[in-house]
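S.K.: Each chain, letter by letter, is given below.
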Amino acid sequence: MNNFLLLPIIIPFFFAMILMFGQKNIAYQRVTTLLGLIISIICAAGLVMNVHENGPQTVTLGNWPAPFGITMMGDMVSSLLMLTTLVLAFFIVWYGFESIGRKREQFFYYPGVMFIITGVNGAFTTGDIFNLFVFFEVLLMASYLLIVLGGEKAQLRESIKYILVNVISSALFVITVAFLYSVVGTLNMADISLQIAEINQPGIITVIAVLFLLVFGMKAAIFPLYFWLPGSYAAPPIPVLALFGALLTKVGVYAITRTYTLFFTHDLGYTHQLLLILAVLTIIAGCIGALAHFDVKQIIIYNIVIAVGVILFGVAQMNEAGLEGAFVYLIHDMIIKAALFMLIGIVIYVTGTTNLRKMGGLIQTYPALGWFFLIAGLGLAGVPPLSGFIGKLLIIQGGFEAGNIWSSILILASSIVVLLSVMRIFIYAFWGEEGQLSNEVQKKTYNRLFIPTALLVVLSIFYGIGTEWLMPFMGDAAKILLDPSIYTDAVMKGGE
Amino acid sequence: MEIVMAFVCGFLFMAAIYLILSRSLLRIIIGTGLLSHGAHLLILTMGSFKGSAPPVLKDGVTDFADPLPQALILTAIVISFGVTAFFLVLAYRAYHELKTDDMTLMKGSEDHE
Chain A
3 MNNFLLLPII IPFFFAMILM FGQKNIAYQR VTTLLGLIIS IICAAGLVMN
53 VHENGPQTVT LGNWPAPFGI TMMGDMVSSL LMLTTLVLAF FIVWYGFESI
103 GRKREQFFYY PGVMFIITGV NGAFTTGDIF NLFVFFEVLL MASYLLIVLG
153 GEKAQLRESI KYILVNVISS ALFVITVAFL YSVVGTLNMA DISLQIAEIN
203 QPGIITVIAV LFLLVFGMKA AIFPLYFWLP GSYAAPPIPV LALFGALLTK
253 VGVYAITRTY TLFFTHDLGY THQLLLILAV LTIIAGCIGA LAHFDVKQII
303 IYNIVIAVGV ILFGVAQMNE AGLEGAFVYL IHDMIIKAAL FMLIGIVIYV
353 TGTTNLRKMG GLIQTYPALG WFFLIAGLGL AGVPPLSGFI GKLLIIQGGF
403 EAGNIWSSIL ILASSIVVLL SVMRIFIYAF WGEEGQLSNE VQKKTYNRLF
453 IPTALLVVLS IFYGIGTEWL MPFMGDAAKI LLDPSIYTDA VMKGGE
Chain B
50 MEIVMAFVCG FLFMAAIYLI LSRSLLRIII GTGLLSHGAH LLILTMGSFK
100 GSAPPVLKDG VTDFADPLPQ ALILTAIVIS FGVTAFFLVL AYRAYHELKT
150 DDMTLMKGSE DHE
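If you read the protein sequences in the order shown, they are chains A and B.
Numbers 3 to 498, taken from this note's numbering, label the letters of the first sequence in order.
Numbers 50 to 162, taken from this note's numbering, label the letters of the second sequence in order.
Treat the hints as calculated values from the structure; they're not laboratory data.
Take the hints with a grain of salt, since some may be wrong.
What the hints assert, rightly or not - Output of the computed footprint for chain B on chain A, the stretches with three or more beta carbons under 8 angstroms from beta carbons of chain B:
no. : stretch
1   : 23 to 33
2   : 151 to 159
3   : 163 to 169
Idealized CB from N, CA, C, for every residue including glycine.
Assemble the whole structure, with the sequences as input and the hints as a guide.
M.R.: This is the structure we're talking about:
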């Protein structure tokens, strides 16, 4: 029993409630939000160290014995993801001070951010499949608020589609949980894992596995289900886009990873092969989208789709290298996507357009922005000392070990496309003739936008260079993904 | 009983899909409502109809209903209620701003080429 584990969920929730009062006082809103995030970050960092030293932490609410009460489970996977989420939220909120606009700040932008973090952290931590649904709804409800906040025409139009897609996927989630409950008779994730192992995954469980892939794939934007993502994500302002791009699809990826490593591990030939094929198709679709567009937002948004494919490819290998790579790459991608969205937000701010064809020559006026964008772009593609490299290396190593030679080579080729897509932004926006420049740029605002962005890029560089120190943590995470019995033992024995 | 429920759920899903595929925003929202009703009934069915007695645990009682699906449905109903309310308000606001409730007129965008 260790209630400490609940703090990274409860603190943002508590601060969100405080922030609903005094909504017009911007200084109070900003300070309180940052304070809440800093306290949560300290707690999450403490949790990571605690998990590293003492192994997975569990809390079963209400002191019920393990399979009956709702279990919260803090293993290395969830605690590291929570820490990353909170750190990114800190930078995005800081960046948003200058770019989100006073009107939004006065109308529940900060409570929305805190609620979304509550939902995301809860979804990472929960050990109960129905509770996962509830936390999904918490984060979705907050995301509905954030995507529509401001009420611009494009936002209203796109948020209707976004909500519709998510309502349908939530209904499917409930249906899938109902099927699963009728087969295994439990909702506790550790217990489900044990029950499925006991009945040796009959056909119906494989059907449920595919249904889960459909439900979470809709949120994670895998191949046939990513259609809603480019339109919806382009509508809200940049800080919200950064928050969504960095966190929301990754919750879907996490849920697929969790269910496919904990529950459905007995019919790899079908479920994981399907996941592999879909991951490869996702990468191809994302590559086509990333190269086809001349809108900077869309290029980075399609890069989310590619990254989802790469991570799930690692998960589909089901060996230590693949899973470790997938996890390293997941955290790398959260950091680098937030950084890239913040960078292109600055590019859009200084040029006043999202169209690449109208930009040009920014390197003369904003050299620092250009170099940081180049570093972030190289990091995204996985050029060696930077953060994307280790994850991708391990994923491909896993692919080769599992005998998926051609698809691994395809992942390598996709890195070149990713590099090309970000280099296109660099070449069009920063090189060549002087293009369009916005007249409303103030040096002070630019600097305030640039500082958090630059710090986040530096953080991603450290994540790349310091991988050696982080590897013990990543190894713990991969072990728990690889061996469900660590998870189930921690829940079933810890709850007694 | 399960057969009847299967048909009821199936019919609700069918009606929901028909409504969701229509053009009018209001019909789509009603469709999502029906979809969640179907899902809730499905949970109830999945909990099986073995017991007729109330779900109270007491030693020696063998005939009791499974309380868990009922708790799940309650949670899911509250959530879908909240989402539907939000969706309706959003649709109203979008109708005011965009001057249409026709989904086919809501695609594309004016600020992209």
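S.K.: Each of the hints needs a verdict: does it hold here or not?
M.R.: A quick look at each hint next to the structure:
no.: 1; hint: 23 to 33; result: violated (count 0)
no.: 2; hint: 151 to 159; result: holds (count 5)
no.: 3; hint: 163 to 169; result: holds (count 4)
The structure shown violates just one earlier hint, number 1.
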